[in-house]
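Residue numbers (the working numbering), protein chains in the order written: chain A, -10 to 499; chain B, 23 to 326; chain C, 6 to 371.
Treat the hints loosely; a few may be bogus.
Stated by the list, open to error - Once the Cα atoms are required to be at most 30 Å apart in a straight line, the calculated DSSO-like pairs of lysine-lysine come out as:
id, chain 1, residue 1, chain 2, residue 2
1, C, K39, A, K334
2, A, K301, C, K140
3, C, K184, A, K355
4, C, K257, A, K412
5, A, K318, C, K200
6, A, K334, C, K306
Claimed, not checked - Footprint (simulated), chain C over chain A, 3 or more residues, beta carbon under 8 Å:
id, stretch
7, 321 to 332
8, 335 to 346
These aren't lab readings, by the way, just hints derived from the structure by calculation.
Beta carbons are placed, not taken as given, at the ideal position from N, Cα and C, and that holds for glycine.
Residue-level listing of the chains:
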Amino acid sequence: MDTGQPILELHGITKRFPGLTANDAIDLTVRQGEVHAICGENGAGKSTLMKILYGLYQPDEGTISVRGQEVKIAGPSKAVSLGIGMVHQHFMLIPRLTVTENIILGQEPRRGPALKLEDGIARVAELCKQYGFSLNPRAAVGELSVGEQQRVEILKVLYRGAEILILDEPTAVLVPQEVRELFVNLANLRREGKTIIFISHKLDEVLAIADRVTVIRRGKVVGTVDAAATTKAQLAEMMVGRPVLLNLDRVEVRPGEPLLEINDLTVDTSGRAALKNVSFSVRAGEIYGIAGVEGNGQSELVEAIIGLRAMKGGDVRIDGRSIRGLTIKAIRDLGVGLIPEDRHKHGLVLPMSVAENSILGFQREKRFRRGGGLDYRGIEDFTAGLVRQFDIRLAGTDVPAHALSGGNQQKVILAREFSRSPKVLVAAQPTRGLDIGASEFVRNQILAAKRAGQAVLLVSADLEEVMSLSDRIGVIYNGEIVAELAGRAATAEELGLYMTGSRRAAQGGR
Amino acid sequence: MVWTALLIAAAVRMTIPILLTALGATFSERSGVVNIGLEGMMIAGTFWGAFGALKGGPLFGFFLAMVAGMVLALVHAVVSIRFKVDQVVSGTAINILAAGLARFFSIMIFHMATTSPKVNAFAKISIPLLKDIPGLGPMFTDLSPVIIVAFILVPVSAYVLNRTVFGLRLRSVGENPLAADTLGINVYLMRYAGVLISGAFAGLAGAFLAVEHTGSYIEGQTGGRGFIALAAMIFGNWTPGGALAASLLFGLAQAVTLRVQIPGIPYQFIQMLPYLLTIAVLAGFVRKAVGPAADGIPYEREGE
Amino acid sequence: MKRERLFWLQVATPFIAILFAFLIGAVIVVAIGKNPLYVFGTMLAFAFGQIDSLGLILFRATPYIFTGLSVAIGFQLGLFNIGAESQYKVGLFTAAVVGYSFPGLPAIIHIPLTILAGVAGGMLWGLLPIVLKLKRGVHEVISTIMLNYTAVSLLHYLLTGPFLDQNQIGATQRIMRTKFIADSARIPTVHGLTKLLHIPLPNYVHLNYMFFIGIALCAAIYWLIWKTPFGYELRAVAGNQAAAQAAGINVKRTMFITFMLSAGIAGLAGLSEMMTSYGYMSVDFPSGYGFTGIAVALLGKNNPFGVILAALLFGFLERGAEGIQVIAGVPQEVITILQGIIILSVVVAYSILSRYIRIQKKKEAA
């Protein structure tokens, strides 16, 4: 097929779920040999569309044509046979198996029922050489770095003869250096005649790598433009439908006493050190942002402060009180509020109602008791107040939490934690998975916490968010704070270098 | 306690039902399905093994037992894989069902609730040369051929799990079913296969108990071996070789309860030994046994 | 979805499942050459048509209320207390010993004391599995099953050895049992009440106040789980252990208390018979209540009031089984099979229902 000819055409693709139309009459044309980016907010319908292309979902309406032929993609094996390969955002790898086993799974070289593992290893080595990847075919996937694991994912689709590669948010977990490596690999792939569909909401990258960009909003295609002919602002506007304020109102507050002190904190995880002698402090009325790529110890830091993880060495002090030896409840009672990284795991009991979730952790307080039991009417009133204050959209407070949207779920958590007027607020990835409206709301709430005199620890993989909100930024890399910068003065490039360990601040450089 | 060859021989015989069931359990759990119902499948194996042996000789008995185990396994598979019912609940229901069915069929067919008539076992074999070793000879004489088969099944199982395409896919499904699904592997089919294999093995184990070991069906003769086998599988770290080692340990414990009397200790306490040993093994486990990552979690494809 | 519709759906589901099980039962009946309508008709007439049957149904249901409640409480937290089967036996033993050990006590003290001894015995036997689970991660299914077998041996030793009643005067054959419990430890039957209400309940029906204690206990547990802070913590841990822990709830303590509650309640299951008709604990005391308790808990969806209904159902099935064996010549074991099929069809039905509800609720909130 000649470069430039349509290799993939979608007409009128519609997909409905109970209560939601994820894709609404989508038309899309991808040309052979191009890098075509698909942009949209969370929940816009990008993932659904890609899952349809890969055969994991069936469209309710519409047609798909590959190389001019109309096709029905009933399942992943059909997609593969058409030369479509999907590299998922959340890797579909099996840690306990080796690189080769992961790659050949499902299309194993075999003699009858027997597995020809050596043949597989040879083929993997061959592919690595052809595309310039460097991987050990015999290594267990669980021991690889994130960037390496992604290469295994890409090899998986190349092994199956993919001509069209779909990459779903591939840079979400990569450091700037690894992103550059990925782009080099993608360039190699394009040189070898592959077509690449690149899903992302990171506009810098999109403009750097793509030939054309299609924007999807609320399930519909807003438009397709040439990358060279558009700007970030224009794309953002297409994505959201209104101009996005990428700069927030910075509030000036005089910081008070340190309410959160981390002293020489050392924390282990699965036999290795996740945090090494980390020290910093956050004062009342201050937002301290932790910048860093996920996996450098941020999660362990948050867990240690809350009490979910044991401290091997060092200490954490809340308003002067040490948390050593305290139970999680005691730590919370000292005045620590938590917006957890994973709201479904640590933030909410999904089967319980919104009202019950709003008192999670505080169920024994006198004001919620009546006689020997719980005062449900009082709890409902309390929750209704929170719903009003935080503008939470729901049918009633007895709706189970799992029925709420991600944004509203986060609001429930926020409302609950704020209602305690904590001294220290730990916000871990607070806008992950939220659309622009909800993210704005959350960020404003964090600023409100600062105004209220709380000490806010903001842990976020969203560099722009950290830079917009923080008074001071600590960059975490490999379990250490490698630099501390004033929020205003920091630039993305500088932070990126610290985040990848490419530079370290001079000793005592705070 | 005297370490005679007779004791070892008895231990080996006691090992076989546990070993077979543990091997089968490995396939089921590596594919991600917990099978608590193995006891019930063994019970079915004891009954139908005896019945089959009566009607058509021991080979037919083993065949029928295997089928019976697989039928119950199919029920467990459908309920827990297709309907996503909690696997422990489903397994427990199978156990209750199997006990009732065994009694019912026993009354219907044998007109006795708890036992069957005596059945004929396979002709015993003795291993030439080894049987003549002085002192150790009894270990190699008059063996049921099923014992040999069971031991052979260990390396066979290891080969199937580690060196065949089926085995690789089975293991993948137990670790990350979503990943396997996206690669076009039929998760449900693999899990059905794992569960059916475990049912077949458990049926064989039951048949061995009834036909080869005891000589008839007796209600309750499984005595919890289905659960002990699970403990053996865990102790053996979900591998066939490990299952063999662990099963030998438990087999020895059971042989001891039968053949050993210690003056001063009432026999009931010796009876408790295998069960307490199981608990001790599970509790005293030094290394953290890590099972298949998706073990016990029903798989559901999004968007369906 | 309207609350009403939701409620009726949830109530109807087990009925449909039971109906389905009976259909299969009918097939089995046909297979053995009997008329299913006749057989089931006989069953109903026998069970409901006679006063003694009605009393016996309640009497038979009593142990199942306790073991069912016990298992149900554990299930709420995902704890599989298969050990109810041995916890009730150990409870029986401790209660019997307390029952005969204090002959001079007034009944008003002795009866509650004996009951508490039953609770203590159950809790004692439940201690090891939960401790092993919390400290060593041992799955309670296997440890409790192992203890079931261990208890059989242990109790056999105790009842044929140190605790055997040596003075069995006038007995042709010695029963392997404890001494008789004192009269002051016997719980009164309901005949006092039935005479007052002019209900002609025959004397051989030993329905007693343990039945009402069971019902009251179910109500109390319902209140505990759904209306108290502890119950909230239980449900939070059951719903999302990680979130509950992050919020400061002591997960291990919650599990421990719940399991002890479960084991203690199981310890009461045999008392209804022991403190009336039997008067002692023996090697031949009825076995299997624990397993039926599992079925009752599943059928009752782990809800205390569902447990009561399910226990009554099984009481009915048992009484009916006697009837069909004697009158229609169908072996009792058909009922055991029926129980197994009921469990399976009910859990499948519940699974289908809950997924249907989840989809409906998602539609609405969007």
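Each hint, compared with the structure:
1. C/K39 with A/K334: violated, 56 Å
2. A/K301 with C/K140: holds, 21 Å
3. C/K184 with A/K355: Judged against 30 Å, a Cα distance of about 51 Å means the pair is violated.
4. C/K257 with A/K412: Roughly 28 Å separates the two Cα atoms, so the pair holds.
5. A/K318 with C/K200: violated, 56 Å
6. A/K334 with C/K306: holds, 25 Å
7. 321 to 332: Our answer is that it holds, as 4 residues pass the Cβ test (under 8 Å) against chain C, meeting three.
8. 335 to 346: holds (count 8)
In terms of the numbered hints stated before, the structure departs from hints 1, 3, 5, listed from lowest to highest.
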